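Engineer: We have chain A already, so just place chains B, C and D with the ligands on it with the hints.
Residue numbers (the numbering used here), protein chains in the order written: chain A, 624 to 950; chain B, 2 to 234; chain C, 81 to 629; chain D, 14 to 142.
These are calculated hints, taken from the structure and not from any lab test. This structure is a prediction, so every number in the text was calculated from the model and none was measured. Treat the hints loosely; a few may be bogus.
[Unchecked claim] Listed below are the simulated DSS-like cross-link pairs for lysine-lysine, each with C-alpha atoms no more than 27 Å apart in a straight line:
1. C:K429 with A:K683
2. D:K33 with B:K103
3. C:K200 with B:K197
4. B:K103 with D:K84
5. C:K114 with B:K197
6. D:K33 with B:K105
7. B:K104 with B:K197
8. A:K886 with A:K916
9. D:K84 with D:K33
[Stated by the list, open to error] Just so you have them, the derived chain D footprint on chain B, three or more residues with Cβ under 8 Å:
10. 56-65
11. 87-99
Just so it is clear, CB atoms sit at the ideal spot from N, CA and C, and this is done for glycine as well.
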Amino acid sequence: MLMTVLTQTGLHEIAALFPIQPPAASTIAGGVDQLYYFLTGITLFFTVLIFSIIFYFMIKYRRRAPDEVPPETHAPLALELAWTLIPSAICVVIFFWASYLYVRNSRPPAASSEIFVIGKQWMWHIQHPEGPREINELHVPVNQPIEVTITSQDVIHGFYIPAFRVKKDALPGRYTSIWFEATKVGTYHLYCTEYCGTDHSHMIGWVYVMPQSDYAAWLAGGEQNESMSKAGEHLFGVLGCSSCHTAGGDGPPLQGIYGQTEKFADGSTHVVDDTLIRQAIIQPDSVQLPNYKNVMPTFKGQLDEEQMLQLVAYVKSLGPQERKNGQ
Amino acid sequence: MSDAAVTHEAHAHPPGFAHQFETIEQQRDAGRLGMWLFLMTEILFFGGMFTAYTVYRSLHLPAFEVGSRQILEVRFGATNTAVLICSSLTMAMAIHSAHSGKKKGVTMMWLVLTMILGLTFLGIKLRFEWYEDYLHHFVPGLGFQYRPEWASLGSQMGQVQMFMCFYFFMTGLHALHMVVGLGILTVLLIMTARNKFSPDYVAPLEISGLYWHFVDIVWIFLFPLLYLIGGRY
Amino acid sequence: MSTATLDLPPAVPAESRVTYLNATTGIKSWLLTKDHKRIGLLYLATITLMFMIGGLAAFFMRLQLIEPQGALVEPETYNKLFSIHGIIMVFFFLVPSIPATLGNFLIPLMIGARDVAFPKLNLLSWYVFVTGCLLALIAIFSGGVDTGWTFYTPYSSTYSHSAVTWMAMGIFVAGFSSILTGLNFLVTIHKMRAPGMTWFRLPLFIWSMYATSVIFILGTPVIAITLFLLALERTLHVGIFDPALGGDPLLFQHMFWFYSHPAVYIMILPGMGVISELITAFSRKKIFGYSFVAFSSIAIAVISFIVWGHHMFVTGQSVYAGLIFSVLSFLVAIPSAVKVFNWTATLYKGSISYEAPMLYALGFIGLFTMGGLTGLFLASLAVDVHLNGTYFVIAHFHYIMVGGAVMAYLGGIHFWWPKITGRLYPDMWARIAAALIFLGFNLTFFPQFVLGYLGMPRRYAVYPPEFQVLNVLSSAGASILAVGYAIPLIYLFWSIRYGPIAPQNPWGAKGLEWEAAPTPPPTENFDVMPVVTEDAYNYQPLKGAHHSV
Amino acid sequence: MHEHGTQEHGHHSEAIVPVKTYVLTFITLLILTGATTGVAYIDLGVFNTVVALAIAVMKMLLVILFFMHVKYQPGLTRIAILCAFFWLGIMMTLTLSDELTRKWELNPAPWSALIPHMSHLPHIMRLFF
Ligand code: HEA
Ligand code: HEA
Ligand code: CUA
Ligand SMILES: [Cu+2]
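Chain A extracted, bound-state conformation:
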C-alpha cells in the first residue's frame, strides 16, 4: 500500500533504493498490517499534535521582556479527565483489536497439515511428515494452512518469517507452535530472532511458497527419505517400545489415543497431544494411567529432538482421524 503511494508520487527511485514495507504473504499478514497502520496513524496524530502545539506556543508565547510575568492559568478538571480518558479509550480499542487477532492467530484451523522445526546452534532443521528433511530451507504449498511445531535441541531460538508476520521462540524441552497459510507464491526470509550465540545472525534461511502441484512434485522428487511416521515406526521397534505397547503387553496399546481425552490415575484429565506423548517418553512416571503399572522406562537422553518428533509422528499416525497431510 505504501509502495503504491510512493510510486504514484514519483518517489519510486527512493522506493527502489530500499523497501519500506515487507512482503505480505499469509492470511495473517493483512490483519496485522491493518492494525499496524492504525497504530501508525495514532502515533502520527499524537506526535504531530504535540509537536505543533509546542511550536505554536513557542512562537506565540515567546518571552518578550526579561522581567515578563505571565498570567496564571488553571488546570480545569474536565481537561485533565479528557486527556486521561480519551487515551484510555484508544488503548481499549487497540487492546481488543490486537488480542482478537492474536488469539485467532494462535489457534490452527482443523484442516492444517503439519511441519516440524528444530532449532539447533546455528541452523534450522525442518522435517515434513512425508519424509523430506531440509536445513535452513522450508518448502510449503500455497493456500494450505500449516501448523508448525517448534522445539530446540540446545538454547532458545526464535522462528520468524516476516512475510507471514509469525514468530515463536523455539524452547529446549518444550513444543511451541504457530500456524500460517501462505497466500503468495515466492521466496521469503526465515530468521532466528532470539539471540542464541556466536552465529545467531547466520541462522537464517529461505521459505519457498510453491503452487500446490509443484509442492507435491517437490515432495515426490528429491532425496527419498522415509516419512516421519515410518522412521518413527522403525525407532519404535529398535528402542523396544513395541515389546510393551502391543496387545497383551505391559503397556497400553497406542492405537487411536491421539487427540483423545484420558483420565489419569490421580483423576485429572489430559488430552493426548504432541506435548503429552513427548512427556510420556521422557518422563513416563508423570503419565500414570489407571490400569497400568508404572514400568515404562525413561528414554531421556537417548533420543535427539528429531527422533523424538518421529516417534511422536508415529504415535499420531496410529490415531483414528488420520490428518490430511497435504497430499
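Structural biologist: Chains B, C and D with the ligands in isolation, oriented as in the chain A frame:
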C-alpha cells in the same frame, strides 16, 4: 522564599547525634524508617527465592516431597525454630533493659544470650544438618548422589537435587544473615560496654533488633516451606 | 517575596566564598566526603566514564553495520560489543544517571535539608557502585560477555563461554548501590523536609525521585537474586534454569523482567521530573495540573511492576498471561500520556525562553511521545508477534532512553550546571549541541523503525543486503550523535575553569535550591535554614500561595 | 507561619513495652511452633500446606507487631510492610499466571465442560473455555 530563620539550634548534642538532623527524634525516626525500607528490600530478595521455589515445587512436587521427607529432619528444624524464637525474646529484652535504664551489665547479659542462641542455631545447622548432608552425599556440587529409595520417582529423580539446591541456597542465605547479625551484636556489645546508650538513646540497639527479628521471620517461613508443607505422615 | 534573590548576597566569585567545592581540598577530601553534593559529582565522573565505554561500543557496532557482511569484526566480537553496550548503558549509566548525580545533588537542596538522611551510606553506595563497575570491567577485559543484556538462559547459564559470572557479579554489586541510594532518598524525603515543605509543595522532581526510589528498593533485590541463581547454575549445573535438568528457562525471564521492566521506568521517571522543572522555569509558569503530574509518577511506579510479561509474548509464555500483560501494559501508558499533555499545557500563556536546557526539554517531550507511542505497537499482541526481536524494538527504546532519558539528563546537567560549579557555559555552543543531538538522534534511530517493520532482526552481526541503505543512514546519524555528545563534554569541562562566574539564579527559577541556597552552596547547603511558605513554581506571585489542581 | 508540621516526628517519650507482652508473645510463638510441627504428622491433604502457611503468617504477625513494635508505631511502617508483601504477591501471582496456564492452550480449561456451546463464542472467549 525564606522569610524566617531557623538556625541550627545549638542545644547540647546527645551522644550519637548527627549534624544533618534537627532533633534526635527526627534522627531516630529516620533510622527506623531506613531499616524498615531495608527490610522491604530483604523481603523481595528472599521473595525471589520463594517464588522460584514455589514454581518448581508445583512443577516437581513428588521429587520435592521426597527431598523434604527423606533428607530433612524435622527435629532439627523445629529445635532451631525454638532457638531463634528464644533469641528474638532475648534481643527484645536487651533493648527493653537499655531503654528502661537498667544497668549496662543487664543489657550486656541479654545481648550475650542472644549471641549464644544465634550460635546455637548455626551450630545445629552446621553440625547436625549440613555436615550430615555432606557425609551422606546430599550436597549438590559436592558429590551429590542419588538414593536407590528414590527410584520410584523415575525420571523425576533429578529434581531431588534441585530441591537440595534450593534448600542449601535458602538456608545458606539465611545463615549468612545470621552471621551478619552476630557481627552487629558484637558491635552493640562493645557500644554498651562503653556506655554509648542511655534511656534516651537506644536507636542502634532498636534498629539492629529489627534486623534480628526479621532474620527470625525468614526462618519462620523457611521451616514449614522446606520441612513441613507436604506433610510428614 | 516576588524577587526572591533580594535577600541573598550578590554573585560572588566562588573563590572568595567558602563553598562545598573549596571547603576542604585534596583528593582525600573528595574520596572520603560525606557531602551529598560531592558524592553526586563522584557519581557524575564515574557514569560519564561508563557512558563513554558504552558509547564507544555503540560506535563500533554502527561501523560494523555499514556493510551487510560486517565491516569490522567477527560475529563473536560483535555479540560482545552489543552485550557490553547494553549492559554498561543500562546498569552502569542510565539507571544511576539522574538519581545518583542530580538526585544526590538536589534532593536535600530542594527540600531544605543539610544533607541526605544517611551520608555515610551515601558514600558507601558510591564505593559499592565503583566496585560493581570494576567487576564489569574485569568481565570485559577477561574475554567480554556475549549474552546480550538480558542474559537469557540456558544460553547464559550453560552454553556461553564468556565471562558471564563476573558480569553478573558486577550487576549484583551495583544493584546494592541502587538500593542504598533509593533507601536514602525515601527516608530523606519523608523525614528531612524543611518546615512548611508539605507533600504538595514539593518540586515535581522530588516526586519523581520518590517514585524511582520505590522501584529501586522493591525491584533491585529481585535482579540480584536472579543473577545470583544464574551464577550458581553456571557453577553447579543443578538445573535451576536448564530444561535438560528440569528447570524452566522462562522462569528466568519472568524474574529478570520483574526487575528490568520497572528498571526502564527507573530510567525515565527521573527524566520526567527534570522536565517538569525545566518546562516551568523556562516558561515561568506553575506546572499545569500539579497533582496529576505528581500522582502519575507514583502510578507509573506501581503499574510498572505488573507489565513485565510484555517482553515474553512470543517466548512461550501462555496466551492467557499474554493477554493479562498486554492489557496492563496499555494501562501504564495512561499516566505517561497525562504527563505529556500537562507539560504541553504548561507552555500555554507562558513566557517562554529558549536557553539550551529548554531545547533539551522540548526535544524530550517530542521524542518521548514517539518512543512511548511505539511502545503501544509492542504492547499490542498481534503486532508484537511481528516486531519482537527486530530493530523496531531497538528504535522504540532508544527513542525513550536516548531521545528521552539522556536528553533529560543533559538538560538537567545544563540547567543546574551553574548551581553545581558556579560557572556558566557558552549558551550558543550548548544550543548547537542540542540541535545536533536532536538531528543526529533522529537520523540514527528513525530508520530503525522501518528496518524493524521490514523484519530485520536485532543482535545481527551480518544482515541481508536489502537493509543496507537504512543501516548506512543510521550509522551516519550515529556519527553526528557522537559529535553532538562530544561538544558538551568539551565546553562543560572548559567552563569549570574558564567559564564566567554564574549569578545566584541565572534562569530566574523558583525553588529552594536557587532561591535559598547560595551558588554554589556551602557544605551545609543553607546559610539560614529555609522555611517554606508557598507552592512550588510560584512564578505568578501576585495571586499568592494558591493550590491548583 | 509553620502552616503544616511536615517533619513526621514520632512521640517524644516512647512508651516502653512491658516485659509481660514479650513473654506472652514468646510463649505463643513456641506453642505455634509445636502446633505446626505436630500438624505435619496428620494427613490433612492440601490442608497440611494451608495450615502450615497460616501458622507461619500468624507467627510472623506476632513477631512484627510485638517484638518489632509495629503495634506501637505510626502507619508509615505498616504501609511499608504491606507494600513489600503486596509486591511479593505480584511477583508470585503473575509468574504463576503463566506457569500454571501453559497447558490450557492445548487442553481446554478445567471448567470448559460447564459451557456447552463454546463454538459460538468469539475467539477471545473461546480461549478461556
Ligand atoms: C526508559 C525506558 C522505557 C520506557 C519508558 C518504555 C515504555 C514503554 N514500553 Fe518499552 N522497552 C524498553 C524501554 C522502555 N520502554 C526497552 C529497553 C525494551 C527492550 C528490552 C530488550 O528486549 O532488550 C522495551 C521493550 C518493550 C516491549 C517488548 C517488545 C518486545 O521485545 O517484543 C514492549 C511491549 O509491550 C514495550 C512497551 C512499552 C510501553 C507500552 C511503554 C509505555 O510506558 C509508554 C507510555 C508513553 C506514551 C504512550 C507516550 C505519551 C502519550 C501520549 C503522547 C498520548 C497519547 C497516548 C495514547 C493514545 C495512549 N517496550
Ligand atoms: C541507556 C541506554 C542506551 C544508550 C544511551 C544507547 C546509545 C546508543 N545505542 Fe544502544 N542499546 C541499548 C541501550 C542504549 N543505547 C540497549 C539496552 C541495547 C540492547 C542490547 C542487547 O541487545 O542486549 C542497545 C542496542 C543497540 C543497537 C542494536 C544492536 C543489535 O541488536 O545488534 C544499536 C545499533 O545501532 C545501538 C546503537 C546505539 C547508538 C548509536 C547509541 C548512541 O546514542 C551512543 C552515542 C554515544 C557515544 C558515541 C559516546 C559519547 C561520545 C563521545 C564521548 C565522543 C567520543 C567518542 C567517539 C568519537 C566514538 N544500540
Ligand atoms: Cu538461533 Cu538465534
Ligand atoms: Cu517493558
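Engineer: Need the list of violated hint numbers for this structure, in ascending order.
Structural biologist: Of the numbered hints given earlier, the structure breaks none, since each of them holds.
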